[in-house]
Amino acid sequence: MPSDRSLNVLELRALLAAAPRVEAAVLVTMGSDTPAEMRALLTPNEVKRVDRLKCPLHQLTLLKSLAARRLWLSDYLGLPRDSIGLEHDGSGAPLLRGRAPGEASFSRSNGWCAIALVKGKRVGIDVETDRALNWSSILDY
Numbered sequence: 007m008p009s010d011r012s013l014n015v016l017e018l019r020a021l022l023a024a025a026p027r028v029e030a031a032v033l034v035t036m037g038s039d040t041p042a043e044m045r046a047l048l049t050p051n052e053v054k055r056v057d058r059l060k061c062p063l064h065q066l067t068l069l070k071s072l073a074a075r076r077l078w079l080s081d082y083l084g085l086p087r088d089s090i091g092l093e094h095d096g097s098g099a100p101l102l103r104g105r106a107p108g109e110a111s112f113s114r115s116n117g118w119c120a121i122a123l124v125k126g127k128r129v130g131i132d133v134e135t136d137r138a139l140n141w142s143s144i145l146d147y
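In this note's numbering, each number is its position in the sequence shown, counted from 1, plus 6.
Keep in mind that the hints were calculated from the coordinates and are not lab data. Built from N, CA and C at the ideal position, the CB exists for glycine as well. Among the hints, a few may not be true.
Listed next, with one range per pair, are the computed distances between beta-carbon atoms [said to hold, decoys possible]:
1. D146 x D57: 36 to 44 Å
2. T135 x R58: 16 to 24 Å
3. A138 x L59: 22 to 30 Å
4. K60 x R105: 42 to 50 Å
5. D88 x T40: 29 to 37 Å
6. I144 x T40: 37 to 45 Å
7. A106 x L63: 30 to 38 Å
8. L59 x K125: 32 to 40 Å
9. W141 x S38: 33 to 41 Å
10. S115 x P50: 20 to 28 Å
11. D132 x A106: 16 to 24 Å
Kindly generate the complete structure, drawing on both the sequences and the hints.
Shown next as structure tokens:
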């Protein structure tokens, strides 16, 4: 079920050739969709999550990453966007309907979303935006 939206995808699975159970590992973001078009991709709870943010830039980056995640999962799994079940367990770890706990991992930064899917194992993925940090406050640790 190909998407009719503009989705930028960077395939990461080739970088993980030593991990044969990795089904998918991608970095995704939305392309030229407007905020209204991206909001239409989200569930009501996801829209509420975006709207809770006060900073318009933070709203936009969260909106882009959540919309890209939902759109990519819909395309990859061949399911309608609104049927993609995304939840969190008691410790905040992501749960994807139809997968065992730990078989899906998501991370987001600056409008991008990293997604990793495996079968029969636990997985974790993280993405961070390169930025200058002042490490002086934690050097003593």
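Hint numbers contradicted by this structure: Those not satisfied are hints 4, 5.
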